[in-house]
Structure formats: C-alpha cells, structure tokens
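J.: For reference, the chains in residue letters:
2 protein chains.
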Amino acid sequence: MRILIVEDDQKIASFVKHGLRAAGFAVDHADNGEDGLHLAMTESYDTSVIDIMLPKLDGWSLIETLREKKINTPVIILSAKRSVDDRVKGLQTGGDYYLTKPFAFSELLACVQALIRRANGESEPTRLTVGPLSMNLLTREVFRADRKIDLQPREFALLEYLIRNSGKVVSKTMIMEHVWDYNFDPQTNVVEARMCRLRDKIDRGFTKKLIHTIRGVGYVIK
Amino acid sequence: MRILIVEDDQKIASFVKHGLRAAGFAVDHADNGEDGLHLAMTESYDTSVIDIMLPKLDGWSLIETLREKKINTPVIILSAKRSVDDRVKGLQTGGDYYLTKPFAFSELLACVQALIRRANGESEPTRLTVGPLSMNLLTREVFRADRKIDLQPREFALLEYLIRNSGKVVSKTMIMEHVWDYNFDPQTNVVEARMCRLRDKIDRGFTKKLIHTIRGVGYVIK
DNA sequence: GAAGAACATTATTCAACGATAACATCATCA
DNA sequence: TGATGATGTTATCGTTGAATAATGTTCTTC
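Quick note, the sequences are listed as chains A and B, same order. Mapping the first sequence onto our numbering, position 94 (from 1) lands on 94, and the numbers just tick up by one. Mapping the second sequence onto our numbering, position 76 (from 1) lands on 76, and the numbers just tick up by one.
Derived from the structure by calculation, the hints contain no laboratory data. Be aware that a few hints might be false.
Copies of the same chain look alike in the list, so a pair counts if it fits in one copy or across any two.
[Unchecked claim] Simulated pairs of lysine-lysine, DSSO-like, Cα-Cα distance not exceeding 27 Å: (1) LYS70 x LYS172; (2) LYS56 x LYS11; (3) LYS11 x LYS208; (4) LYS81 x LYS101; (5) LYS222 x LYS148; (6) LYS168 x LYS101; (7) LYS56 x LYS81; (8) LYS69 x LYS172; (9) LYS148 x LYS17; (10) LYS70 x LYS168; (11) LYS222 x LYS11; (12) LYS172 x LYS209; (13) LYS208 x LYS148.
Predicted, not measured: the structure shown is a model, and the values here were computed from it.
Please work from the sequences and hints to get the whole structure.
T.: Set out below in structure tokens:
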C-alpha cells in the first residue's frame, strides 16, 4: 500500500511519514506542489495526504489538476484553515476527507485506512475469519473453533479467496482466475475436485456447513 | 440519488431532510437504530447519514451490522462526541466520514456529494429493490420484507430482469431473449411456467402482489 | 353467455451439474 | 533414484433444476 504525502512543513511531514511507515505503508514525500503533482501523476498511490498551503503550486490547484487528468487517488486534505467554507471547498474540489491542523495521528491513520478500505473492498489483515473459522495468513494456520486444520497450498489459497469474498457468491471462473491464474476454461473440474477436499477438511463432521454451493453460479462461504 | 438519515433529534433530522431534498436528493428518515437498519437493509441508498446516540440500536452497532451484511452504502457519521477516540472508532467501524455536531449543512452536503462522486466511478449497483422486495446480486439473497426467499438460478435471473425493468411492461419475447437467450419462439410455455414458480415464492401469502400480468402484452413488477 | 384464446398450475421427465473417489502425474528432497 | 506429498485428471453416480406437456382457470369478444 503506497501513500503520497505533500507537505512543506518538515516536522509534520516527518511525523506523518514515520507513523505511516510504522503502520506498514510505503510512503513517498514531496515538499512542494509541483513535485507532488509530478509524483501523483507518474506513480500510483492508494491514498494521498495533501496540504493546502504549499510552495510553487497550492493544494487546491494540485487536486483540481489531478481530477482533471482523471487520476482518482483518494485525497485527504490536511489544512490549517478550519472555516466551513474551506472545508466545503476542499470536498468540492475533489478531496475525500478534510482534516484540520493540529490533528491526531491516529485519526489520520483511521482516515487512510477507511479510504483504502472503500477503494479496494477491505484492508489487508493478517487474519481472516468467518464464523468459527479463522486463518492466519502469516503463519498459514487454519482453525475451525479450536481444531487445527492442515491445508495444502492450493486449498489454502482457495479458502483465502472464499473468505476474502465471504458472503458473496464467487463463480468458478472467478476462482480459476484468482486461485489458479487460468484465463481460459481448462475443460476439467479442478475447482470442484479441490473444493471437495477443502470441504472434507473444513465441514466434515460439523452440522453447520460453511461452504455452500450455488448451483449454476458458484460457491459461497458464510 | 437516495439518502438515508438515521437521527432521533427531530429538529436536526428535519433540517437535514429539507436541505438535502432542496439539493435534489430523495431522502428517507428513521428516528431509531432498528428502523434505520431495516431501511438500510431492504432499500438501496447512495449514501447514509447516521447519528451515534440512537434509541433501540446505537449507531456503532448499526454500521457494524451493515458492513457484516456486505451492505457497502457510504456512511457519514453525525455525532456529538468530538474526541479523537470516537472519530477513530467511527472510521474503523466502517464509517466513511465523521462530522461533529454542531455542523454546517453546507459541509454535510459537500460530504454527501464527495462520497457519491467517489462511489459513482465504480461498479453498477449490487442491490436491486422494488417496494418491499430486495435482491442482493453479490450474495444472491432475495428478501421480501424480512423474509428470505430461495430462488433457483433461472428464477433469480427472471426476477432480476423484471426488477431492472420495474414499472415497465416486458413482453414474453423480451424475457425469452434476455433470460433464456432464445431468439426464436420455442413453442412452449417456459416463461409462463417459470413465472408461476416465481410468483409462488414471491407473492404467495401476501395481499399486495408485486408481479402483474398484462394480458396480451407481458408482465410487470411494481 | 358460449367459445376460444391467453394465461396459470401442476406432475413428469430428463439432462446438466456437481460431488466424490480412485487414479495419474509431477515435483521435491533425502 | 525412489519415496512422499501435492496436485491434476478421469469416471461414475446422485441430485436438482428446468423444460415439457397436460390440465385447469380466467378473460375477452361476439
């Protein structure tokens, strides 16, 4: 996850930069509007934090230019101006969130996460859960209730994909694309076969089934 | 563009409602958490404005429940609590914007527009509704009021087509083309037969029928 | 009000889909 | 190089969803 900071106050910039890095983001920093615009246009960021009063090119113009060029990176506006008019202007110009200085870092972080969450569904957790089932993506351990479940790599990937879309129905085509990286129909029933084994490990012996087949459509976990 | 307001303070609610209506939005209002949740789950909104301190079901729980149910309507949190902790909690729970009371209407309006602007670049709707009926295309769940309805794939496709054209009469030929992919007349009564089943599941037991036959022309849902 | 058309309802039949298990292949590592 | 484990393949079987067709109902028209 990459974040762009455009801020001329070195103290604030460094404070935010370190905080976000500690939270696991990759952070780029520009200390003036022109450099910020250049970075935003040539690189690809998941969110940006932009000050309004900037040397060379002010924040308003920066955001406006970005939006004109159809660059839709979410923008958190960080400004010392606290008037309602400024806040409204910020949002109307193309900003997604307006934070006034001084601000709490935890709030900025929450904003960043909220915007990223909305932009690509969900944030990047290390643990995924559905009901009694939980999987740790780091240790690659899977538990149903307290019982540990051993999964083979493919099964793990399949389960991960299901859980990331928990509640939503995913088609076999989708599954093949994301879990097998097939962009064509291999004319076999790999998915069914593997799904069968996954079920065996996850649902067998339990009354409450988690994996459901939606005939003619795909599968859901819930 | 439809907006949901969940707010128990009648003064504020009415103020916001009128303002948003004047700005061209269709506004629904619930004055407690339970009703708000119900509306949010059965209707489809482009944005919602939710108070935190609510009777029956508080705002936190409301938002949490929505997100659990994969209802991703943007949420503006409207709260009297101004502490950083509350703001962070609001964003982490699933809110998209945190506004503190008292607030300027123009700022709220700008938020609403910003959220809609961002949401619109994205995909087509995931939920379709007609009156008490709502279908979630992601989870493939269909509800009439609070009652869940199980549909077979064809029935689901048929209902989807009807709702996408809700209010308009669709001919059997149209239906065959779009739901069955037939470009000729199969000389059978497939459509009637399936429509019958669909009705059985959707309208049976309810006084208010949703699916109507227009003799000699086709069908409508409304 | 009778006849016929348009539509509703239901049971039966059939095919497609998916579950499953046995088998084959491939890779890895001692 | 052979053993082990992971993965894909194939074949078979059961289930379920959907079309058909036969029958019943309602509406329309003369």
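J.: If a hint holds in the structure, say so; if it doesn't, say that too.
T.: We went through each hint and held it up to the structure:
1. LYS70 x LYS172: Only across copies: LYS70 and LYS172 sit 21 Å apart there, 33 Å inside one copy, limit 27 Å.
2. LYS56 x LYS11: Within one copy only: 19 Å inside a chain, 46 Å across chains, cut-off 27 Å.
3. LYS11 x LYS208: neither (35 Å within a copy, 47 Å between copies)
4. LYS81 x LYS101: both (8 Å within a copy, 19 Å between copies)
5. LYS222 x LYS148: both (19 Å within a copy, 16 Å between copies)
6. LYS168 x LYS101: Cα proximity of LYS168 and LYS101: none, with 40 Å in one copy and 36 Å across.
7. LYS56 x LYS81: within (19 Å within a copy, 38 Å between copies)
8. LYS69 x LYS172: The answer is between: 23 Å across copies meets 27 Å, while 35 Å in one copy does not.
9. LYS148 x LYS17: Classified as neither; 31 Å inside a copy, 48 Å across copies.
10. LYS70 x LYS168: between (29 Å within a copy, 8 Å between copies)
11. LYS222 x LYS11: Answer is neither; intra-copy 34 Å and inter-copy 41 Å both fail.
12. LYS172 x LYS209: Within one copy, since 19 Å is at most 27 Å while 36 Å is not.
13. LYS208 x LYS148: both (17 Å within a copy, 19 Å between copies)
Hint compliance for this structure: hints 3, 6, 9, 11 are broken, all remaining hints hold.
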